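6 protein chains.
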Amino acid sequence: MTENKYDAGFNKFKNIYGELGISVLQNVNQTSPDMAKYIIEFAFGEIYSRKGLDIKSREIVSISSLLTLGNAVPQLKSHIHGALNIGCTRDEILEIVIQILLYSGFPNALNGLQTVKEVFEERDKKGINN
Amino acid sequence: MTENKYDAGFNKFKNIYGELGISVLQNVNQTSPDMAKYIIEFAFGEIYSRKGLDIKSREIVSISSLLTLGNAVPQLKSHIHGALNIGCTRDEILEIVIQILLYSGFPNALNGLQTVKEVFEERDKKGINN
Amino acid sequence: MTENKYDAGFNKFKNIYGELGISVLQNVNQTSPDMAKYIIEFAFGEIYSRKGLDIKSREIVSISSLLTLGNAVPQLKSHIHGALNIGCTRDEILEIVIQILLYSGFPNALNGLQTVKEVFEERDKKGINN
Amino acid sequence: MTENKYDAGFNKFKNIYGELGISVLQNVNQTSPDMAKYIIEFAFGEIYSRKGLDIKSREIVSISSLLTLGNAVPQLKSHIHGALNIGCTRDEILEIVIQILLYSGFPNALNGLQTVKEVFEERDKKGINN
Amino acid sequence: MTENKYDAGFNKFKNIYGELGISVLQNVNQTSPDMAKYIIEFAFGEIYSRKGLDIKSREIVSISSLLTLGNAVPQLKSHIHGALNIGCTRDEILEIVIQILLYSGFPNALNGLQTVKEVFEERDKKGINN
Amino acid sequence: MTENKYDAGFNKFKNIYGELGISVLQNVNQTSPDMAKYIIEFAFGEIYSRKGLDIKSREIVSISSLLTLGNAVPQLKSHIHGALNIGCTRDEILEIVIQILLYSGFPNALNGLQTVKEVFEERDKKGINN
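As you go down the protein sequences, you meet chains A, B, C, D, E and F in turn.
Just so you know, this note's numbering puts 119 at position 119 of the first sequence, and the rest follows in order with no gaps.
Just so you know, this note's numbering puts 29 at position 29 of the second sequence, and the rest follows in order with no gaps.
Just so you know, this note's numbering puts 117 at position 117 of the third sequence, and the rest follows in order with no gaps.
Just so you know, this note's numbering puts 1 at position 1 of the fourth sequence, and the rest follows in order with no gaps.
Just so you know, this note's numbering puts 39 at position 39 of the fifth sequence, and the rest follows in order with no gaps.
Just so you know, this note's numbering puts 106 at position 106 of the sixth sequence, and the rest follows in order with no gaps.
Quick caveat, the hints were computed from the structure, so don't treat them as lab data.
None of these values were measured; they are calculated from a predicted model.
These stretches of chain B come out as covered by chain A in the derived footprint (C-beta under 8 Å, 3 or more residues):
hint, stretch
1, 61-73
2, 91-99
Away from chain A, derived, C-beta distances all over 12 Å, residues of chain C:
hint, residue
3, F10
4, N15
5, G18
6, L20
7, G21
8, K56
9, T89
10, K117
11, N130
Just so you know, even glycine gets a beta-carbon here, dropped at the ideal spot from N, CA and C.
With the hints as extra help, turn the sequences into a complete structure.
Given below as structure tokens:
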């Protein structure tokens, strides 16, 4: 059954983050295979696979939380890519950053904006439209 | 024109938070009228009134950010009430709390859950269904 | 197999936190049965049951992290009780608080000390020696 | 020589916070005499006694840092009292709170405002003018 | 009237941060013109232009808050430059960093010190004396 | 007597962090000799030299706090080196990171893991076995 959680999680993870996500995961796996397992099995097989909140809203939750933490740049990048991959627009991402300045202040919003900019540029270079 | 921002903000604010929100605002106004003005004029007249992200998604952003901060209980209460007022379901609120534990850890999620519980109880007492 | 994780986690949890822990868990279970399940199954059945770091050191990690968060008073209380239950001394708890002021500053250390004081008083009232 | 640091720190501490400060210190001393000693000897005998920044500016630094932490209410109260005792005006305290919303967001500013309000009321009750 | 807030804010901003500030602002403007507008119109036209606290004290508030956040290096750099531009001494900046270690711990103070060092070196290279 | 605190602190510091630590300290000393003095005299001469908690447990406290802060990479590196120098195993360090994800979330744990990986690689390059 746990095996199934892993498989369900891996499919969910791959569908959202694609090849970029897989390479991040392999990097984690090199230092701590168990941490990589928890990401897939618990974070994606369990939490992300829950009903009751659609996947786009889940990514909005994740991006809002990561922007508020303010020190989680690699994870913020992954989740912005993921949100765009599953149908968020670039404008929606920018609106989340602007909304967050109310709760988390200008510095976190501005540093979040810089990360957003870098993700947009990475996607432009690869010819990804949204 | 700024006057209009205030009016637009106040209407937006009242529509989301109702009488409970107004009483919070009056409390702020007693100590700092300018802070109360910034909440209405900037936070609601300017940011919450922006296009590009629907109001339900904006409340999801706010609640996610407040849960991540972990020390903003009165604001979290107001925004959970607001989110329920404008159409979020109780299940969706619970899902946001569960999702947040991935980024912000169990303690913030558990303390957020306690706040959610108190809001649900307040609404039950007043006979509000959702 | 997941069932086993739950059972293993519940035993681990009960051994550390005793009746007080069970009542906290029941409170969580009332609002979110899934959150209660994740605490037992993931936090205790999975993470706390890992080899490679003894249980006393794990509680030192938990208390240090909770003191640093600074806003997780109920969880800090539970883990101080737990640490004392499994063999930490009161002096060791106080030393963790003093050590933490270097990394997290005086306010977090002083507020942590207040929580420690309250736990010690609860245990004194119940006639628990350590 | 360390003895002198303690004496210098205690005088500095008493001059800023008065009787209220002493009672806070005695409370700390009951649970951890060494923590109380570090507050006097290191925080006040060493850091607060440094040249190069006047005492009023030091209190502005402390209050700004405590507002930003957002979870240090007892310490924030003590330092607002201290700042008012040594010549800050109530208006200046309110301006610090408003300024802080730019960096730390509305929730921390609003919760800080609530603490400021309580300190003002405590002083009004005791008939203290500023 | 909002137009005037923008103009007042821009003059205030330019007077404090000079050319370096303008280039930071242009970078923000490329990704989010509205965020750049909020910085000028709200942060500087509204908050920084308030009476009741002198501009040097406002920069002390900002630097203390940014040091406490600990993850806002680009903003900390800008505000250290700004504080020095309007009359703070290098020694006063160093004293703020030392004072902050009491509330925010050694790591934030040490990383803040590293940022201060880099700002001092930038100014030395440009032949700016203070 | 303070002189003795400095000497005791310096010996303690050198025994834990070795040459790498000394070079970090010299860097701090260039910008702020007093900050360097406080690290040695207060952090190591006073706090780290206390009885009541063994040195390995103190490093576990430090690493747990630094992982939870999430933005203190240089200090985390130093303390991981220190912990390994005084007898922690690499596996124990990895277990602390995994344990921390419960309280501080996946992003802090994953970024902590990256820092751990870099420390392990630095030690491998220098031919240090543990």
